[in-house]
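Based on these hints, arrange chains X, E and H on the given structure of chain Y.
Listed below are the residues making up each chain.
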Amino acid sequence: MKSKTGIMKVKDNFDIWDFVQKNSIWLIFVICIVFFSIMTPNFLRVRNITNIFLQSSFIGIMSIGMTYLMIDGNFDLSMGSIMALSAVLVIGFMDYGIPVAVLLSLLAGSAIGALNGLFVTKAGINAFIVTLGSMLGVRGLVYIYTGERALVSSELAFSEISAASVGPIPLPVLIFLIMLILGELVLRYTSHGRGCYAIGGNYEAAVNAGIKVDKHIIINFILAGFTAALAGILMASRMNAATPTLGMEDHMIVITAVVLGGTKLDGGFGNLIRTLGGVLVIGMIRNGMNLLNVHSYVNMLIMGLILISVVYMDQKFDPLEE
Amino acid sequence: MKENECILEMRNITKTFPGVKALDKVNFEVKKGEVHALVGENGAGKSTLMKVLSGIHSPSEGEIIYQGKKVEFAGPLDAKAKGVVLIHQELSLVDEMTVAENIFLGDLPRNKFGFIDWKGLNKRSKELLERLECEFEPTELVGRLSIARQQMVEIARGLTQDVNIVVFDEPTASLTQEEEKVLFENINRLREQGTAIVYISHRLNEIFQISDRITVLRDGEMTGLLNTAETNECELTSLMIGRDLEDHLDFEKRGRDEIGKEVLKVEGLSKDGLFNDISFSIHEGEVLGLSGLVGAGRSELAETIFGVRKADSGKIFLEGDEIKVGDANKSVDLGIGFVPENRKEQGLILGRSVLDNLSLAKIRNLNRYGFIKGREEKLIYQDYQDKLDIKTPSSKQQVKNLSGGNQQKVIMAKWLCINPKLLILDEPTVGIDVGTKAEIHKLIRKLAAAGIAVLVISSEMPEVMGVSDRILTMYHGEITGEFYAEEATEEKLIKGITGIEAGACKVG
Amino acid sequence: MKKRFITVILCLTLVFVLVGCGSSGDEAAPDIDEVVIGITNNNVGIDSYQTTHYETFREEAEELGVETVRLDATGDPALQVNQIEDLIQQQVDVIVVWPVSGDAIVPAVRNANQQGIPVLIANSPIDESGFELVEGFAGPDNLTQGKYAAQMMKEALDGEGKVVELMGLPGYVTAHQRSDGFNEEVENYSGIEVIETQPADWDRSRAQEVMEDFLTKFPSGQIDGVYAADDNIAMGAINALEEAGRLDEVKITSATMFGDGYDAMKEGKIYGTIYQSPVEDARKTVQTAVRIATGEEVEFFNYFDTPKVTLDNIDEYERPIW
Amino acid sequence: MGSSVKTESNLKDSSSKKINFAEIIKRHGILFVFLLMIIGISLRTDSFLTQNNMLLVLRQVSVKGIIACGMTYMLIGGEFDLSVGSLVSLTAVLVIDFHDILGPFAAIIIAILAGISVGAFNGFLVGFLKLNSLIVTFGMLFVIQALTLLYTGGQYVSVSNQGATWFSIIGRGFIFGIPIPVIIFGIILIIFGVVLSKTVYGRYLYSVGGNPIASKFSGIPKTYITFSTFIITGLTAAIGGIILGSRLMSAQNYLGQGYEFDIITAVVLGGTSLFGGSGSIPKTLIGVLILGFLSNGFIMMGFPYYVQWVVQWAILIGAVWMDVASKRGKILA
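Protein chains in written order, with this note's numbering: chain Y, 1 to 322; chain X, 1 to 508; chain E, 1 to 322; chain H, 1 to 333.
In short, the hints are calculated from the structure, not lab data. Bear in mind the structure is a predicted one, so any value in this text is a computation, not a measurement. For every residue, glycine included, the Cβ atom is placed at its ideal position computed from N, Cα and C. One or more hints might be untrue.
[What the hints assert, rightly or not] Here are the simulated DSSO-like pairs of lysine-lysine, each with C-alpha atoms no more than 30 angstroms apart in a straight line:
no., chain 1, residue 1, chain 2, residue 2
1, H, K198, X, K396
2, H, K130, X, K391
3, X, K373, X, K25
4, X, K31, X, K69
5, H, K330, Y, K212
6, Y, K212, X, K123
7, H, K330, X, K69
8, X, K373, H, K330
9, X, K324, H, K222
10, X, K310, X, K261
11, X, K378, X, K442
12, X, K123, Y, K215
13, H, K198, X, K373
[Unchecked claim] Pulled from the structure, derived: some chain E residues nowhere near chain H, Cβ distances all over 10 angstroms:
no., residue
14, Q151
15, E155
16, D203
17, N239
18, N302
19, K308
[What the hints assert, rightly or not] Partial list, computed: chain E residues near chain Y (C-beta under 8 angstroms):
no., residue
20, V36
21, V81
22, N82
23, A104
24, V279
With the rest of the complex left out, here is chain Y (with noise of 0.2 angstroms):
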């Protein structure tokens, strides 16, 4: 990671290019709000909004992880499994209790968060390949476990805590922006959070200025798994149950989000606020089209249209490059 120092250019004055790209997402956001109140009239209503989050959480609690390792300059395509993992897990452990089998089922998550962690970082291999490898394997270790059939939880209680709300707001939208603001605080005012950036931004330069760079990528692989088992606990609980091919495309759906709020593929750009642009749009765009009555293909159209599209925003407008 070279140092672009040489080419850069002195930008003092206010760039509307610039704020353009970096908010592109918020731009993208009003559009969708427009375009779909304009063409569904229950787009806007108070439940409709509250089901977008609701619906959206999940993705964003994955999100959440995924912006601090892609801050880093790494990525992970396992969340999806892990996941569906501790989604089956939490059913299969209903028995010592939530409070236990809760607990075991982040501890699944964050184990293998770590795995991938410790491959990337002490094996030196790259995150692609690691993440690619535990994709498959822990798919086949929910199957294995389950036996390919769906598992039923006997507790209801367990099923009221997705259900659950505060005042108006869903329980799993709470936690999600809960943890949306701490991950955001830790990224702004934590050594860690600042660490992420330095790593992502020049890692020789992070690794010069003592950074224990190891320490945060592991750190961040483990908050992936954390987050993604988070999100397959609330999954659960929603559906009472726990099916083998829960977040089959999950990883994608989060890498999407986490990339259209703007956040760095190459790393040391992006935060959480964004991403819950990214995050929202998603929710908005298949809620809405949902609500238009669209085939499910244009979704993906649509979103693979808007990636590309970010893409070449990030290319064309890059304050830093040439």
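For chains X, E and H alone, coordinates are given in the frame of chain Y:
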């Protein structure tokens, strides 16, 4: 401590790498409150000396005395903790983070809850920036700052704790004059505060502006310790690049009347900020030397002629036909070869074999329907391995396992086998042992004798004078002089490349 | 940082201002012209049965003059839960759910129930714990289809033989019911033995590969019958058998007929299958849904007829268009 | 200067015996894994090590193997293509659908053209616009999948009169007892292997992946090389789609789903670096065979395919770890 006391003394430092003696019994000392310039051309050993100081390399011989005690730092972090700060040419900053964060990177102040104490961080940063009289805020993003300001951030980072010595490694390489001025003011301020400054540069005017004393290195040896006030640029330059004419460099040169037909003609070539309105031509069988110090725009000019850079304006003609500027692929087809300055980054595919690298340019003509003619390739390989005496266990050896000299020969061979009309050599002998160096010099003359037009870029005076039929001097992106071999003297050239009386000594 | 916060706040304010304008409540007694049926399908793209079902559903609804909102869960149980919420949101008169997982939708269905929106389960059943929450079930009886296939297998093999089973995508209710039905029935026949089961994912190429492997594992004479979860899988198996030249020694039964399978049966390649028409399935579903919406009482199980088909009675049926 | 000399000093150390041992593992490690795996599986089942089964596995891997050849080029050139799976579905659907309309020959041409055009579009975005290939092709994965679904409307398409066409020969025929897909795979292996090792293009590919800057300084047209790798990968995906279509005589929109990960896994298992500049076609063949035998062997042993995933995880990490560890000369980074 007394005012004139030596805070740092490096005694008899020798550092050998396999095959190369990078430093040979170098003595270097810095006093409190002085700016001590360390000068020398690329490869003279300045960076190695500083790496020995900071503990990246441990010296093969010699010792370092710091504050009266013998020390050996464990690395830059250790050195910094003990008050010796190195500020590298390549800034070690995170663009996406604020000034304050970069200053305290790796050691951000925290409050009692474990959160970063932003207030304290910004306050302390502000104090440091004020001490350096910087006009920007600690909350600005580093990526948004100009290079000079970024450099100030690096300096401020060095001052986060008590600092005794600050080493600046070519700090002005990418600064504008205005920014340079700010930097110098800050250096003066540090000096007044009693800090010792080591200032590494090859820009002579700066050195005279800022330094108190000068240590000159050449080929890993110390060639002089001067008081700035008592010397001049000419003396300094000759200490830096002047060498005794080595025996083998006594070649027969072509005179003014013997030049052949024109091969390359450059007309009004300009690129903003790099070089301006360059015009010259090279002829068949002629060795044209291009002499200038690092940063004069020589390499950039060569890269533009070869086509890996685009120009703003100007034309290039090869044998009378205009060629498109900025198309290296075409240049190779037309018979232009280019041996770049940075072997490992620009010259070689390190992970591939010697054979692959050697034939990389030739294979475009060495194939039938795209298939490489393996036997002919082998023959060419053997031919050039033989001719240039490339020492490698086998043609399949990865080129990264070869010594620097042999690597350079592989690159030379890569271009020679396309039978070039024009061969551009950018610092062909930097970092290469003496024996190989002589071989390369002889080779250059041989090529010219065979009718190839050769452009040699070098900052080594004897090299340029020894091999060239004609020499151009370059300073600040402009050509400042032209001399035929018989009329070139070291003094004239030094005037040209240091910009003294620029234009006044133009000949022909 | 501040600028970004302001942007976020502005956007959120905008949302809520618009929410205020957009929301209004209305509730009307359902009349057949005003009926809106919402459906969330299992995975429309994955096989032609579902696609035909999807299309017929629309046509039948148009014919009856009712409006539809048709969604596709793309095989993702979590997404299906979201879609049920979306449909609740849109205040449709009846929600039709084709479960991806019969267990995982129970809480979401409970939610619909609480909101007073009737739910009809289509095609694959909901878990028994959800029975009290739904108005009924409309669709085929997959368990019975599996049993039928076993009965035909017994006929074909004269009560004796070794059978390999190629099942659908693990984790899908339909796949497991067809497998369960078959195996339960086979237990009653002492002569017939299921020697191996592998998932073929409803996928012809996967089925072909698995069958090829079976054929090398079990040399000539060791396999007497193949049970395929549908004709798509059966076609893959036939491809493999034909290539190995062992089609003659093996009898094939499948649990659902497709167009290709119809031709294959006429050529004598498939012994028996079950005529399960997505057209009929969809029609029955729409009709039942409309009856529910207009306040009629319906029976709990609304199975449509899924008769056995063999070469003897195949001419009574038209070639399926799916 | 100093740092460059430093690497030389490392190399000096590296000529000791310890590294030679690592060198042996690095060169032959994956073959070792492969043999171990075959021995392990054949101990558990009798029918595994038979000529029939070997041919069977070869045929089963041929589609992914062909695309893996294209992906090897892609990775050697230092880029990624995640959209190959979707492209297989698209081309398979096209070739089957156009078979009945325009005849098999025209259908094949159309499918190949589709593969090449999608590849060219990817190549344009990555080569000329310099966009990040990982995200671009990730986005294209969605787009192509959606287009295929749009095209088929979710129905499967199939050839109506299977007896009356030669088209099925591509996927089902035999020559001298060898399945035609295997022969096509073999031919492509040879062509790709030869082009990579014997032609100017192959050399350029290694150079561009190995050191883009030095390639530029040697006058190699990097942009066009990158562009071409996408076209080649698109072409192999189209060939894969055609064979798959011919084998099934029908196609559906999800046919190639997930292929991209299998294929990249196979190529990486073979020892091709994700960062470009190294790799070879024979290595990729070994990677492809490992996955093929693993999948076949697990069915032979009576395990469902997902058990294989767990083993695949271990093998992938183990193999790559061995590779990187031997390159840097120590186990841990």
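Hints, verified against the model:
1. H:K198 to X:K396: holds, 14 angstroms
2. H:K130 to X:K391: violated, 39 angstroms
3. X:K373 to X:K25: violated, 51 angstroms
4. X:K31 to X:K69: holds, 15 angstroms
5. H:K330 to Y:K212: Holds, at roughly 20 angstroms.
6. Y:K212 to X:K123: Status holds; Cα separation ~25 angstroms.
7. H:K330 to X:K69: Status violated; Cα separation ~37 angstroms.
8. X:K373 to H:K330: violated, 39 angstroms
9. X:K324 to H:K222: holds, 18 angstroms
10. X:K310 to X:K261: holds, 27 angstroms
11. X:K378 to X:K442: holds, 25 angstroms
12. X:K123 to Y:K215: Since the Cα atoms of K123 of chain X and K215 of chain Y sit roughly 29 angstroms apart, the hinted pair holds (cutoff 30 angstroms).
13. H:K198 to X:K373: Holds, because 8 angstroms separates the two Cα atoms, which is no more than 30 angstroms.
14. Q151: holds, 26 angstroms
15. E155: E155 of chain E is indeed farther than 10 angstroms from all Cβ atoms of chain H, at 28 angstroms.
16. D203: Check fails; 8 angstroms does not lie beyond 10 angstroms.
17. N239: violated, 7 angstroms
18. N302: holds, 25 angstroms
19. K308: The claim holds: K308 of chain E sits with its nearest Cβ about 24 angstroms from chain H, beyond 10 angstroms.
20. V36: Hint on V36 of chain E: violated, closest Cβ of chain Y at ~11 angstroms, above 8 angstroms.
21. V81: The hint holds - V81 of chain E has a Cβ within 8 angstroms of chain Y, the shortest such distance being about 6 angstroms.
22. N82: This hint holds: N82 of chain E lies near chain Y, its Cβ roughly 4 angstroms from the closest one there, short of 8 angstroms.
23. A104: Because about 4 angstroms separates A104 of chain E from the closest Cβ in chain Y, which is inside the 8 angstroms limit, the hint holds.
24. V279: violated, 19 angstroms
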